[in-house]
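First to last, the protein sequences are chains L and R.
By this note's numbering, the letter at position 190 of the first sequence is numbered 190, and the numbering carries on one by one without gaps.
By this note's numbering, the letter at position 111 of the second sequence is numbered 111, and the numbering carries on one by one without gaps.
Don't take every hint at face value.
Estimated spans, in silico, between C-beta atoms of each pair [as the list claims (entries may be wrong)]: (1) R:R129 x L:L278: 46 to 52 Å; (2) R:A130 x L:V160: 32 to 38 Å; (3) R:E142 x L:A156: 45 to 51 Å; (4) L:N129 x R:R66: 49 to 55 Å.
Think about it this way: if two alpha-carbon atoms lie no more than 30 Å apart in a straight line, the pair counts; the simulated DSS-like pairs of lysine-lysine are [as the list claims (entries may be wrong)]: (5) R:K133 x L:K286; (6) L:K286 x R:K100; (7) R:K133 x R:K100; (8) R:K37 x R:K133; (9) R:K133 x R:K21; (10) L:K75 x L:K123.
Just so you know, these hints were derived from the structure itself, not from any lab.
Glycine residues also receive a C-beta, built at the ideal position from the N, C-alpha and C atoms.
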Amino acid sequence: MNEPGFMQVLSQTPLLQRALAAGALAGASCAILSPLVVLRRMSFIGDGMAHAAFGGIGLALFLLSGANYDDPMIKLITMAFCLTLGISIAYVSRGGDTERLAEDSAIGIAFSVSMALGALFLKLRQSSNPQYVTSMDVFLFGSMLNISPGDVWLLAGLSVTVLACMIVLQKEMLFYTFNARLAEASGLNVGVFHYLFMILLVVTVVTSSRLVGIILVSASLVLPGVTGLKVASRLAPAMLVAVAAGASSFVFGTFAAYTFDVPSGSAIILIQFAYLLLASVLHALKTRHRSTH
Amino acid sequence: MSVPQKTPVNATSVIELRGVKYAYGDGPNVLDGVDFKVRDGEFLGVIGPNGGGKTTLLKLILGLMRPLEGTVSVLGKAAADLGHDRRLLGYVPQDVIVRKQFPATVLDVCLMGTYASLGLLRWPGATERANAKQALHDVGLEGLEERLAGNLSGGQQQRLSIARALVAQPRLLLLDEPTSGLDTGGQAQLFTLLEKLRKQYHLTVVMVSHDVTALAHYADELACLNRTLHWHDRSELISEAVLRKVYACELDAFFIQHQKHLEEFHGDHAPAGHAHGPHCSHDHGHSHGDHGHSHDDHGHSHGEGQA
């Protein structure tokens with residue numbers, strides 16, 4: 001073999017190690033949430049919130065005219081902006097038949113207005129103070145080559161937090177997703193779960209999309225969840241399958257990108273899709289087996 | 001009707017509404033000056049047209065909303081401040097259909113009824129599982145515990161919903177249109193089941209429904225709700241004149257149908273068809289709150305002395 005193999009390069013390249021770890025962790029965090037995102041029909045939210053974050057970045061770059069894209073203050077302002085948006089969406093979409101606006105409409109509005117604001121603020125920043133303004137491609141497609149050890153730790157913390165919340169609140173989230181009004185009538189404080197789920201989603205989307213890009217985040221919030229729900233018939237196993245699918249797709253996708261010289265994003269999403277096809281076949285066989293017995 | 005202990009006329013009410021008004025946002029009053037009491041062990045049927053405030057009434061009793069005016073007390077407390085006691089209210093909502101691939105078995109869904117009293121970080125144990133299995137047995141779903149809830153039929157899902165409400169060992173069962181979406185046989189089964197459970201667990205039942213025929217047959221008392229509430233004692237139901245007077249509703253079509261069904265009821269206990277609710281088309285003035293009669297007034301059994 002003329003070129004060094006993937007494992008050899010991996011062992012010698014800390015940057016690749018970090019990219020792989022960050023990808024697997026971002027994939028895992030999104031995937032833990034994905035079965036609930038799918039069941040609550042919030043698939044659009046990954047896309048919506050990630051694009052909405054663009055508004056936050058635009059605003060932050062405009063306000064801190066000397067700062068660059070990787071400045072911690074920029075990250076903080078972006079997160080605060082997105083949390084405000086997420087909580088507002090959760091607020092207007094709360095409350096069954098008395099809800100003020102359907103969740104998907106609320107996200108659609110936040111998404112487009114925020115994109116528009118982001119573009120406007122960026123233009124203003126570019127005209128007034130053009131230094132350090134990164135191309136927005138970085139934001140859309142991520143910047144796997146700029147991942148610092150700190151970013152990996154941040155993502156590890158995020159994954160642990162999301163996982164812990166889902167373990168602690170497993171039965172409440174199940175009941176809330178099953179029927180929110182019923183859960184409330186039975187005495188559960190549904191409001192807490194409604195807002196908490198939105199906050200977890202926003203933090204996961206904003207943190208992950210900066211590193212792996214909006215497109216991979218949206219994919220990882222949906223595909224692994226559908227896969228998990230096809231394979232498993234209970235929520236906890238469905239989450240486990242989703243995490244396995246989400247994290248491994250990033251590892252195998254990166255490997256495929258290196259080995260076959262294909263774009264890593266495409267490889268990752270196609271691997272997630274292959275898992276889904278496999279799960280669908282398994283599901284069909286299982287259903288058939290049951291109906292013949 | 002089973003009334004295990006004789007209660008004095010002014011016995012503590014399980015539910016008591018006084019001068020209740022409610023409106024959504026700036027809209028017109030959905031409920032206006034509603035007064036009533038439901039005593040321990042009673043079965044109250046609430047009928048009325050769509051938009052008459054039936055579901056709103058249930059939400060107020062459940063404490064999901066506070067009245068704009070007046071008071072709603074349940075088990076001696078304000079409904080909205082029931083806190084932990086809310087588990088004593090078993091709620092069977094209208095939309096119980098579980099999506100096909102929802103990741104929960106029949107037993108899981110039944111166990112959801114225990115979640116609120118378990119609290120955070122405590123999982124259903126042997127006791128809860130035994131209670132859930134008993135509740136599933138009570139509603140005739142034994143043997144289906146490990147099935148996916150979404151794979152049950154409409155009638156079975158309705159019974160699962162009742163089992164989920166029962167597992168929390170409620171004192172009150174509130175049902176919102178439980179017979180909609182069931183065929184005639186399914187409706188009859190549901191009412192028979194409710195009767196059995198009521199006696200077995202000494203439950204107080206409030207049911208909101210369009211199914212006037214069946215409610216008239218099974219409920220101790222009927223109330224017609226169309227913004228205001230009109231009481232009607234079941235034993236008087238047979239008199240068209242009284243019915244007209246009390247409801248002040250356009251009951252002609254309903255009444256003719258009702259007479260016919262009532263006769264069939266007495267024969268085989270099964271509703272022969274689905275009568276639609278009376279069309280209460282105009283404002284009827286004040287409601288007849290606090291209808292002061294004792295349980296003895298309606299201690300009759302089904303199909304007895306109505307003709």
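These are the hints, each one checked on the structure:
Our hint of 46 to 52 Å for R129 of chain R and L278 of chain L is violated, since their Cβ atoms are close to 34 Å apart. Distance hint check for A130 of chain R and V160 of chain L: the Cβ-Cβ separation is about 35 Å, which falls inside the suggested range of 32 to 38 Å. Look at E142 of chain R against A156 of chain L: about 47 Å separates their beta carbons, and that is inside 45 to 51 Å. Between N129 of chain L and R66 of chain R the CB atoms are about 53 Å apart, so this pair conforms to the stated range of 49 to 55 Å.
Of the supplied pair hints, the one linking K133 of chain R and K286 of chain L holds, its CA atoms being roughly 26 Å apart against a limit of 30 Å. Restraint check for K286 of chain L and K100 of chain R: satisfied, since their Cα atoms lie roughly 15 Å apart, inside the 30 Å limit. For the proposed pair K133 of chain R and K100 of chain R, the alpha carbon gap of about 22 Å is at most 30 Å, so the pair holds. Taking the CA atoms of K37 of chain R and K133 of chain R, the gap is near 33 Å; set against the 30 Å cutoff, the hint is violated.
The hinted pair formed by K133 of chain R and K21 of chain R fails the criterion: a straight-line CA distance of about 41 Å is larger than 30 Å. A C-alpha spacing of about 19 Å is found between K75 of chain L and K123 of chain L, which places the hinted pair at or below 30 Å, so the restraint holds.
In terms of the numbered hints stated before, the structure departs from hints 1, 8 and 9, listed from lowest to highest.
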